[in-house]
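Given these sequences and hints, build the entire structure.
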Amino acid sequence: MSQTRLNKQRISVMRSVFCAIAITAPASALADWTKSWVIEWNEPAHYYGAETGVIDPGTDCPQGTNPELDWVEVLVKAGYTREEAEWLRNPANPTRSPVHGQQQMAFRGEGRANVYINPESYPDTGLAGVTGSIAEGINLDGNTDTGFVSPDGEAGIDNTFYKALGCWKTYRGPERLSSGALQFNDIMRNGSWTMLIVASGKGEDPMNDENVMVGFYMSQDNMVKGGDGNVAADYTFRIEPHKKYEGIFPAQTINGTIVSTESVTATLRDPGYTRDLELLDAQVKLTMNKDGSLRGYVGGYRPWRPVYDGWVYARGPVIESLTWVELPSVYYALKREADYSPEGSGGERTHISYALRVDALPAYVVTPDASALATEVRSYKDEAPELPAMARGSLGTIRVVDGIVIDPRSEYQPGPDAVILPE
Amino acid sequence: MTHHPLRKLQALSALSSAVWGLCAASLLIPLSGFAQDSAVDQDDSITVAVRRLTESQYKNTIRDLFGDGIEINARFEPEQRENGLLAIGSATLSLTSSGFEQYFVLASSISDQVLGEERRASIMPCEPRSNVSDSACATEFISHIGSQLFRRPLSDAEIAARVQTAELGASQAEDFYAGLKLALTSLLVAPEFLFRIEQAEPDPEVAGRYRLDAYSKASRLSFMFWDTTPDAELLAAAGDGSLHGNAGLSAQLERLSRSPRMEAGARAFFEDMMQLDGFGNMVKDPAIYPKFNQLVADSAKEQMLKTVIDQLIVDQGDYRDLFTSNETFINRPLASVYQVPYISGEEWAEYEFPEDSDRAGILTQVGFLSLWAHPGTSSPTRRGIKIHEIFMCEPTPDPPADVDFSQVTDSEAGTVRGRLLDHMENTGCTVCHQRSDPPGLALEHFDGLGQLRKMENGQLIDVSADLFGKTFVGAKGLAEYLHDDPRAPSCLVRNVYAYGVAKAPGYQEREYLQQQAQVFADTGYRFASLFKQIAMTPEFFAVQLPEGLESAVASSDSAAQQD
Numbered sequence: 001m002s003q004t005r006l007n008k009q010r011i012s013v014m015r016s017v018f019c020a021i022a023i024t025a026p027a028s029a030l031a032d033w034t035k036s037w038v039i040e041w042n043e044p045a046h047y048y049g050a051e052t053g054v055i056d057p058g059t060d061c062p063q064g065t066n067p068e069l070d071w072v073e074v075l076v077k078a079g080y081t082r083e084e085a086e087w088l089r090n091p092a093n094p095t096r097s098p099v100h101g102q103q104q105m106a107f108r109g110e111g112r113a114n115v116y117i118n119p120e121s122y123p124d125t126g127l128a129g130v131t132g133s134i135a136e137g138i139n140l141d142g143n144t145d146t147g148f149v150s151p152d153g154e155a156g157i158d159n160t161f162y163k164a165l166g167c168w169k170t171y172r173g174p175e176r177l178s179s180g181a182l183q184f185n186d187i188m189r190n191g192s193w194t195m196l197i198v199a200s201g202k203g204e205d206p207m208n209d210e211n212v213m214v215g216f217y218m219s220q221d222n223m224v225k226g227g228d229g230n231v232a233a234d235y236t237f238r239i240e241p242h243k244k245y246e247g248i249f250p251a252q253t254i255n256g257t258i259v260s261t262e263s264v265t266a267t268l269r270d271p272g273y274t275r276d277l278e279l280l281d282a283q284v285k286l287t288m289n290k291d292g293s294l295r296g297y298v299g300g301y302r303p304w305r306p307v308y309d310g311w312v313y314a315r316g317p318v319i320e321s322l323t324w325v326e327l328p329s330v331y332y333a334l335k336r337e338a339d340y341s342p343e344g345s346g347g348e349r350t351h352i353s354y355a356l357r358v359d360a361l362p363a364y365v366v367t368p369d370a371s372a373l374a375t376e377v378r379s380y381k382d383e384a385p386e387l388p389a390m391a392r393g394s395l396g397t398i399r400v401v402d403g404i405v406i407d408p409r410s411e412y413q414p415g416p417d418a419v420i421l422p423e
Numbered sequence: 424m425t426h427h428p429l430r431k432l433q434a435l436s437a438l439s440s441a442v443w444g445l446c447a448a449s450l451l452i453p454l455s456g457f458a459q460d461s462a463v464d465q466d467d468s469i470t471v472a473v474r475r476l477t478e479s480q481y482k483n484t485i486r487d488l489f490g491d492g493i494e495i496n497a498r499f500e501p502e503q504r505e506n507g508l509l510a511i512g513s514a515t516l517s518l519t520s521s522g523f524e525q526y527f528v529l530a531s532s533i534s535d536q537v538l539g540e541e542r543r544a545s546i547m548p549c550e551p552r553s554n555v556s557d558s559a560c561a562t563e564f565i566s567h568i569g570s571q572l573f574r575r576p577l578s579d580a581e582i583a584a585r586v587q588t589a590e591l592g593a594s595q596a597e598d599f600y601a602g603l604k605l606a607l608t609s610l611l612v613a614p615e616f617l618f619r620i621e622q623a624e625p626d627p628e629v630a631g632r633y634r635l636d637a638y639s640k641a642s643r644l645s646f647m648f649w650d651t652t653p654d655a656e657l658l659a660a661a662g663d664g665s666l667h668g669n670a671g672l673s674a675q676l677e678r679l680s681r682s683p684r685m686e687a688g689a690r691a692f693f694e695d696m697m698q699l700d701g702f703g704n705m706v707k708d709p710a711i712y713p714k715f716n717q718l719v720a721d722s723a724k725e726q727m728l729k730t731v732i733d734q735l736i737v738d739q740g741d742y743r744d745l746f747t748s749n750e751t752f753i754n755r756p757l758a759s760v761y762q763v764p765y766i767s768g769e770e771w772a773e774y775e776f777p778e779d780s781d782r783a784g785i786l787t788q789v790g791f792l793s794l795w796a797h798p799g800t801s802s803p804t805r806r807g808i809k810i811h812e813i814f815m816c817e818p819t820p821d822p823p824a825d826v827d828f829s830q831v832t833d834s835e836a837g838t839v840r841g842r843l844l845d846h847m848e849n850t851g852c853t854v855c856h857q858r859s860d861p862p863g864l865a866l867e868h869f870d871g872l873g874q875l876r877k878m879e880n881g882q883l884i885d886v887s888a889d890l891f892g893k894t895f896v897g898a899k900g901l902a903e904y905l906h907d908d909p910r911a912p913s914c915l916v917r918n919v920y921a922y923g924v925a926k927a928p929g930y931q932e933r934e935y936l937q938q939q940a941q942v943f944a945d946t947g948y949r950f951a952s953l954f955k956q957i958a959m960t961p962e963f964f965a966v967q968l969p970e971g972l973e974s975a976v977a978s979s980d981s982a983a984q985q986d
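The listed protein sequences correspond, in order, to chains C and X.
Mapping to this note's numbering: the first sequence position 90 is 90, numbers consecutive.
Mapping to this note's numbering: the second sequence position 280 is 703, numbers consecutive.
The reader is advised that the hints may include incorrect statements.
Listed below are the simulated DSSO-like cross-link pairs for lysine-lysine, each with C-alpha atoms no more than 30 Å apart in a straight line [claimed, not checked]: (1) 729/X - 225/C; (2) 77/C - 335/C; (3) 225/C - 877/X.
Keep in mind the hints are simulated off the structure, nothing from the lab.
Since the model is a prediction, treat every value here as computed from it, not as a measurement.
Below you can see the structure in the form of structure tokens.
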């Protein structure tokens, strides 16, 4: 290899993700240790209280997962004739094509209002919520007298998002087995997005350090799967500065667990249709495992309405049919369990306590220009390009309006006044 | 008269089948061996070797003649390694019937692409005067392309046969290019293209001796130096006879070795010598080596080749440093296996393992370590055998059929070293293992994927080795041992010669190879000039008449004298 070549790499071999960093810049800007990971799996931290299966009755949901609905009956209750309801639900009819969803199902509100964008035009049919006392997550408000108890006995766990939706098929199941977790983590692991975690500290012992910073960053480098189909460890990822998706958490480590020392505002990439996981009073509780992996929670109070809208714009009728839920009941459940009023909300509980369970593998994280290891946890937002305008109402190439697919070429157009039965 | 389109298609299809049959039959002629009657041609030339084009040679040739954009989708016939090299095996290969079908389908596809509307203007040396028939233009095309495909001028008969095919096809299909495609297809499946048929001719300077003809020399040089068909200049040097002279040969060798295309030739050589074709079917147990996937396998192979090319061709370094140098290239997947960060935004980046790293040289790269291991464990024996075979030209015989391997394969019992030592207590195994295992045992700090480790089943791994009294420790010790062992550069010289002539050197070439190894050493073990050094020697083009032909030639000569 020619000695005259520029930019020759001379990197020390590192046997693990932990790397001692030589001080070559102002000491105040650098950490004494840095560890980094790539999130290989993340899902809402929902405790599954059954010992078997994925929808069985358990301590969390004694009746089991909310059952599949009889949509003919739902439509009849909403004012459609039985003949109309059966026609709408008959797979042979064109309006039930996957592209269209069952668009007319949207119009079952009072006065045939679209229930997706006017959920309160429809009665709360009751989404059974979690009644158990155990939940995963973080004690966000520091109050041990409220909230759940964690599986290992910690009191005060704030996670009313789990209480509201934890018995919904989308969110219920053992780790990595709920339909929602499978769907979105598959998408993530197949390259839709990558999120990194970098932790750095100034103490001598990374396992017990009072002065730690934790950064959550995006990367455009995909995860790579090994021969066993799982994400492979020790790959290198470049930080992608992002205007929105980033979280910087002051923390400390106690016996290898990273715990927030103060709450922050952060927005991460949500493993769900909402995309934005906006968190107020956000905190982390992450354990560094001996094998180099990282596991734990990112918690905070997230606005609940975008969660509901995320499902609506993922094509309401499709979501309802596939996930055994009436979306208005999701709306009511979130609103009912919302437990946080941020400043400026006039006391309205616009936010709901939430925890994201994170599993991360050791990875090398480098600066955006790939010139060096990212040894400093800091914000890269100033270096990020402006975000493109959000094209709400489109799902890939499909145009979604008010929660339903609109195909202008279609002979049949759903709506309050649509003629249901063929003449 | 206008034919119905369907009828035209049927006629063309029938003609195509006829071309197939003709081509298949023609293959029988050169592949029938060196039968005395057929090997001595009417012009006194003798077929002295027939070597099937390798996959890369085929692809490179098509790319060079017709451009990068030609898609080549085919499953090539497997190659065969003989005496350590596929190149030697290529001289023993034939074609199976299914293999010929593959070549025929591929040839048709290439013809369609080459003479399709989009590309034909850049290929055709002439414009047909008629959409159906223009024998002059067809002749010009066939003669022009045919000489490049056959790597020599075509005979009148060879041209006439293809022109006839083209004309017949064109009239049947009422399309000049449809006929020409058939002619091109027949060239592409001709044995003269698929095989490098080396001809010897009477040496005008020494009565009774044969020499390789100039076009055969051109092909031998081109495929050795560039792994592709001879270019126009080399064919011209063959055509005007200058390749037979020292000055002409020297000029061409200089040109070939200075060309950037020399890298392709060196890559092909080292891919063959280091037996990197094994990556195509390498398997690892995903439960034991979860990081392994095809990307890692491909990258590991590429790392070895990039390292070799950079050190030996680009930097023109000392061949022996290949065993000790810490300089290499990595990409993202390999960085994961090596457990180092990948500090680059490019697909590949230069990388140097630090001095205190356990790794040193090409034998400690993931490629060598993973290729010569078991799917679920390392294998000091395999690694040792391959070090001896590939880098020292010392093959190891297969184990006896009745050996009990159960102790060795029990991967949960202690270290591999311990299990092998137990195995060596079997006296029938000792002879080979005491030679093959020590180099491999020195590499035991690397598991079956080439990942660094110090322990196995809870025990520290001992990487000391004793090879017939020569002791060394670990990969670095082995690297130094190989660096200083004269058998390694001598083996390279042997392999370069064998690769070029496609023949395993015999006892009679021993002195020649010793001399060449000395020259190689005297010039600083520079591989970059080794091809040129070997090709410049008369032995490189020496003709060894196939067994039985010497008497045939002699009787032929005496018959001619009687006439």
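Could you work out which earlier hints the structure fails to respect and list their numbers in ascending sequence?
Per hint list: zero violations.
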